[in-house]
Amino acid sequence: MAYATTIEGTRFTFPDLRRLLAKATPERSGDQLAGLCADGPVERLAAQIALADLPLKTFLAEELIPSEEDEVSDLIARRHDAAAFAPVSSLTVGAFREWLLSPAAD
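If you use the working numbering, the sequence shown corresponds to residues 1 to 106, in order.
Since the hints were derived computationally from the structure, they do not count as laboratory data. Fair warning: this is a prediction, and the values are worked out from it, not measured in the lab. By construction, the Cβ of each residue, glycine as well, lies at the ideal position given by its N, Cα and C atoms. Heads up, some of the hints might be wrong.
Stated by the list, open to error - Simulated restraints, written as ranges between beta carbons of each label pair: (1) Pro87 with Gly9: 35 to 41 Å; (2) Leu60 with Gly40: 28 to 34 Å; (3) Arg28 with Glu63: 21 to 27 Å.
Just need the whole structure built from these sequences, with the hints factored in.
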């Protein structure tokens, strides 16, 4: 699934969640070598905006690393508590961040 946002008339599109996450984070040499880092600060900002608008449930729907190939991904998938996740699943990453930083989260 592609993710996109527009900044000052320029449309930025990210073809998948893996690339969106890589481009939204601070520049790292590994991401540079893999060709995954943002092309500059504006593209990084666009990725951060697109990420902030993403519902949390997207991370369950779009697997970054197949659980058959990664023990941590497998553990997360097996121990995921759908009932506990349900109240926040439709929140966006940005809204979840704001809630975590609010007094209501205490």
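Evaluated hints:
no.: 1; hint: Pro87 with Gly9: 35 to 41 Å; verdict: 37 Å, holds
no.: 2; hint: Leu60 with Gly40: 28 to 34 Å; verdict: 31 Å, holds
no.: 3; hint: Arg28 with Glu63: 21 to 27 Å; verdict: 22 Å, holds
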